[in-house]
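So the protein lines, in turn, are chains G and W.
Number 133 in the UniProt record's numbering belongs to position 133 of the first sequence; there are no gaps in the numbering.
Number 110 in the UniProt record's numbering belongs to position 110 of the second sequence; there are no gaps in the numbering.
Worth flagging that the hints you see were computed from the coordinates, not collected in a lab.
Positions of the beta carbon are idealized from the N, C-alpha and C atoms, including for glycine.
Some hints here could point you the wrong way.
As the list claims (entries may be wrong) - Listed next, the in silico DSS-like pairs over lysine-lysine satisfying Cα-Cα at most 25 Å (straight line): (1) W/K368 <-> G/K374; (2) W/K419 <-> G/K368; (3) W/K197 <-> G/K374.
Stated by the list, open to error - Facing chain W, a subset of chain G residues (Cβ under 10 Å, in silico): (4) M14; (5) Q18; (6) W84; (7) D85; (8) A354; (9) D358; (10) H361; (11) V384.
2 protein chains.
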Amino acid sequence: MQKKRLAPPLRFLMAARQRELGRLEALTDLSRLVDLISQLVHGLQKERGLSNALLCDVGDTMLAEVAAQARDSAAIEAEVRAAWDCLIEPSGPAEHASVRLLSAVAHALQQLEQLETLREQVRRRAIAAEAATSRYTGLLGALLAIVFELADTAVDADVTRALVALLNFIQGKELCGQERACGVIGFLNGYFTDERKAQMQALAQAQERCFDAFLAHGGPRDADAQAWRSVGELTETLARLRTIAARTDAGQQVDRQLSAAWFAAATARIDAMHHVERKLIDELARLCQARITSMREELADHRVLLDQLSSADPRDGAGRVFNVQARPLNALPDDPLGAGLQASVLDMLARQTARLADSEHQLAQARKALEERKYVERAKWVLVAALGVTEKDAHDQLQKTAMNTGQPLQAVAREVIDKLGGKRVDGRKR
Amino acid sequence: MQKKRLAPPLRFLMAARQRELGRLEALTDLSRLVDLISQLVHGLQKERGLSNALLCDVGDTMLAEVAAQARDSAAIEAEVRAAWDCLIEPSGPAEHASVRLLSAVAHALQQLEQLETLREQVRRRAIAAEAATSRYTGLLGALLAIVFELADTAVDADVTRALVALLNFIQGKELCGQERACGVIGFLNGYFTDERKAQMQALAQAQERCFDAFLAHGGPRDADAQAWRSVGELTETLARLRTIAARTDAGQQVDRQLSAAWFAAATARIDAMHHVERKLIDELARLCQARITSMREELADHRVLLDQLSSADPRDGAGRVFNVQARPLNALPDDPLGAGLQASVLDMLARQTARLADSEHQLAQARKALEERKYVERAKWVLVAALGVTEKDAHDQLQKTAMNTGQPLQAVAREVIDKLGGKRVDGRKR
Chain G
1 MQKKRLAPPL
11 RFLMAARQRE
21 LGRLEALTDL
31 SRLVDLISQL
41 VHGLQKERGL
51 SNALLCDVGD
61 TMLAEVAAQA
71 RDSAAIEAEV
81 RAAWDCLIEP
91 SGPAEHASVR
101 LLSAVAHALQ
111 QLEQLETLRE
121 QVRRRAIAAE
131 AATSRYTGLL
141 GALLAIVFEL
151 ADTAVDADVT
161 RALVALLNFI
171 QGKELCGQER
181 ACGVIGFLNG
191 YFTDERKAQM
201 QALAQAQERC
211 FDAFLAHGGP
221 RDADAQAWRS
231 VGELTETLAR
241 LRTIAARTDA
251 GQQVDRQLSA
261 AWFAAATARI
271 DAMHHVERKL
281 IDELARLCQA
291 RITSMREELA
301 DHRVLLDQLS
311 SADPRDGAGR
321 VFNVQARPLN
331 ALPDDPLGAG
341 LQASVLDMLA
351 RQTARLADSE
361 HQLAQARKAL
371 EERKYVERAK
381 WVLVAALGVT
391 EKDAHDQLQK
401 TAMNTGQPLQ
411 AVAREVIDKL
421 GGKRVDGRKR
Chain W
1 MQKKRLAPPL
11 RFLMAARQRE
21 LGRLEALTDL
31 SRLVDLISQL
41 VHGLQKERGL
51 SNALLCDVGD
61 TMLAEVAAQA
71 RDSAAIEAEV
81 RAAWDCLIEP
91 SGPAEHASVR
101 LLSAVAHALQ
111 QLEQLETLRE
121 QVRRRAIAAE
131 AATSRYTGLL
141 GALLAIVFEL
151 ADTAVDADVT
161 RALVALLNFI
171 QGKELCGQER
181 ACGVIGFLNG
191 YFTDERKAQM
201 QALAQAQERC
211 FDAFLAHGGP
221 RDADAQAWRS
231 VGELTETLAR
241 LRTIAARTDA
251 GQQVDRQLSA
261 AWFAAATARI
271 DAMHHVERKL
281 IDELARLCQA
291 RITSMREELA
301 DHRVLLDQLS
311 SADPRDGAGR
321 VFNVQARPLN
331 ALPDDPLGAG
341 LQASVLDMLA
351 RQTARLADSE
361 HQLAQARKAL
371 EERKYVERAK
381 WVLVAALGVT
391 EKDAHDQLQK
401 TAMNTGQPLQ
411 AVAREVIDKL
421 GGKRVDGRKR
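Using the sequences and the accompanying hints, generate a full structural model.
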């Protein structure tokens with residue numbers, strides 16, 4: 001890079017900046033992955049909704065639609081897989097992929113491998129609507145888990161904040177998809193059982209919480225306010241159908257044609273959300289690029305200073321910092337700590353460290369929301385390890401305890417970790 | 001690695017394990033660096049003590065000893081520099097070096113560049129004993145900061161615990177070195193001023209705290225108990241001289257020859273500590289190696305399973321998990337989730353994630369002690385950034401506030417971060 005050999009402190013200062021830049025540059029891969037995964041999620045949500053309608057409907061009118069959507073999903077799946085492959089290629093951004101991220105990808109791939117089988121079962125109507133929905137939902141959960149792990153690797157506070165808002169939005173949208181599926185089954189049956197009513201209500205409330213969190217962590221930009229408002233308007237349409245659903249029972253059945261109306265209304269709303277989501281992701285990509293550009297400029301600034309420093313004449317007093325060991329020992333400078341450029345180097349070192357401390361602080365603040373989720377995730381796996389239950393059972397147990405005790409999920413999670421976390425897993429036994 | 005192409009979930013599962021192993025393997029470099037730096041620290045502590053005696057003494061008897069020790073320090077310094085260079089070599093363990101670690105190395109190098117000048121000033125008696133001591137102490141502080149950053153990059157709970165114990169020990173030993181220097185000046189003057197008495201007392205108390213923390217975080221192994229006991233015995237000798245020092249004043253002077261006795265007693269104790277330190281470092285290296293070996297074995301176990309899985313006949317139902325997409329779609333298995341080996345893969349995924357959650361939990365516990373130090377470090381740089389003061393002034397200000405308010409340093413640090421941490425540094429301005 002420099003023609004002259006840099007003084008050792010500056011070489012390490014530059015190496016530190018380069019490392020920082022390298023980590024920031026990984027944000028480009030991150031925003032690209034989030035983009036692709038969110039597209040796959042959207043495609044699979046649609047596929048889940050259509051499959052559900054197909055499995056509940058008597059006719060075969062949906063077959064072509066389901067097949068077309070499956071083809072769309074498969075196309076984006078191929079892109080997602082290629083992007084994941086880059087994570088473990090020797091020349092790829094492997095350095096930045098965390099162990100947890102790679103494990104999350106393995107989980108999702110494990111479910112994706114089953115997808116073609118599921119599609120065939122749907123096509124042959126060889127699976128119940130609920131079972132198919134739950135399989136799609138499991139896969140979507142695994143994909144969202146990857147987005148959470150990606151957010152965990154973001155090294156920039158602003159990007160992390162944007163990701164937390166986006167994550168809450170994506171999760172809210174997924175809950176809307178689940179509500180759509182649940183509603184289709186109910187309306188096609190002509191009425192909602194008590195259990196299904198409770199499920200519909202829980203899904204609507206959980207959506208609210210997600211979108212509240214989305215707004216609390218930044219919400220849409222001013223430019224996207226219109227897109228977000230149209231989601232609100234479409235929610236009103238859906239709310240009328242929700243009310244109708246809540247009033248049904250075995251003795252008070254409604255026209256099964258309402259199922260199509262419900263599906264259309266829920267889909268219009270989810271599509272509007274997808275529009276907002278696209279804007280959030282564009283904004284995320286822009287933000288990542290802006291952070292990288294500003295870091296590159298900063299690094300270039302440093303290079304200018306370094307060039308000045310290293311081109312200083314070694315016999316010139318101002319250059320002494322680079323030549324302390326080469327200088328004739330009987331010609332000590334008056335000021336042993338050096339002046340001028342020596343002060344510049346100290347200044348650069350102090351600024352670098354202050355900036356690091358500041359950005360770590362900002363990052364720690366921005367990550368608080370992610371940390372909370374981490375507790376729940378960790379508690380789940382502590383239960384798996386300690387009790388030998390499945391992941392789903394562990395999750396259900398946490399939620400049940402939270403509901404029964406009226407505590408927030410996070411508090412329950414902390415308790416589990418404190419009580420059982422000390423029990424180490426013997427990973428070597430199979 | 002495998003001749004047959006692995007199924008995607010397993011490729012990522014293996015990649016995650018490899019990444020984990022790679023991070024653990026960095027522990028070897030870590031323990032080697034800690035070893036080398038602690039040797040340099042010991043050499044420079046000795047050099048500080050001898051230089052101090054030379055600068056206070058009237059004769060030139062110490063000149064040869066100081067020169068010999070400086071040569072020893074320089075030899076180990078060359079080794080340390082070579083090891084640091086590996087951190088930023090393209091083929092080196094760069095991946096694992098944090099931005100903060102590289103910055104800390106830059107700080108230390110910046111001070112090392114001044115060392116030859118300082119030595120020449122000592123040789124020519126062109127610097128006061130206090131000034132020389134403080135320059136050596138600054139350099140030693142920068143070296144210890146690197147060890148703290150190294151501890152911060154350790155990804156294993158047991159290793160982190162061992163490092164926290166070692167760090168407290170090294171810090172305690174450094175305070176003993178500072179006490180030795182302070183005592184030499186006092187005894188050579190014939191008496192201790194009130195200020196110097198207070199300094200001696202503060203240094204002795206701070207040592208106690210460090211060694212208490214060392215014991216609380218594990219202390220010496222049973223095999224090293226004898227070495228640790230001999231430190232205790234040598235402390236008793238020193239305590240008698242401490243008492244004498246505390247009783248002196250301008251009117252109650254003591255024989256200046258006591259300075260040599262003090263130096264000898266303090267040095268014997270520090271050398272005994274060095275002995276304990278060597279054993280702790282050997283133990284650290286052993287521990288790192290053990291963790292790497294056990295992870296390698298675990299990985300090998302997985303390979304055996306993977307070989308079994310991937311050599312299963314694709315037409316064999318048990319192998320279906322790898323061939324979902326290739327299987328004739330009209331030949332669906334009875335159990336769509338698959339059985340046998342499919343369950344093995346899910347089991348491996350669940351175990352991997354449970355183990356990760358467990359080790360993260362263990363690591364978080366072990367790092368609590370480091371986190372506390374991080375707060376103080378962060379608060380210092382928040383002050384530098386917000387008030388434009390020097391690093392030393394910021395540190396002094398924190399300590400002063402803690403003393404004046406009777407709060408622990410960490411509480412003061414948290415307050416500073418909360419109050420001033422939000423003010424971002426504009427890193428681009430110089």
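Verification of the hints:
Between W/K368 and G/K374 the alpha-carbon distance is near 17 Å, which keeps this suggested pair within the 25 Å criterion. For a cut-off of 25 Å, the pair hint linking W/K419 to G/K368 stands: about 18 Å separates their Cα positions. A distance of roughly 51 Å separates the Cα atoms of W/K197 and G/K374; the hinted pair therefore is violated under the 25 Å criterion. The restraint placing G/M14 at the interface with chain W holds, with a minimum CB-CB distance near 9 Å, inside the 10 Å limit.
Given hint, G/Q18 at the interface with chain W, holds; its Cβ is 9 Å from that chain's nearest Cβ, closer than 10 Å. Hint status for G/W84 relative to chain W: holds, with the closest Cβ pair at about 7 Å, below 10 Å. For the restraint placing G/D85 at the interface with chain W, the shortest Cβ-Cβ distance is roughly 8 Å, inside the 10 Å limit, so the hint holds. Given the 10 Å rule on beta carbons, the hint for G/A354 holds: about 4 Å separates it from the nearest Cβ of chain W.
Checking G/D358 against chain W by beta carbon gives a least distance of about 5 Å; that is within 10 Å, so the hint holds. Contact between G/H361 and chain W, as hinted, is supported at the beta carbon level, the nearest pair being about 5 Å apart and thus within 10 Å. Satisfaction of the interface hint for G/V384 is found here, the shortest Cβ-Cβ separation to chain W being roughly 5 Å, below the 10 Å cut-off.
Violated hints amount to a single one, hint 3; each of the other numbered hints is respected by the structure.
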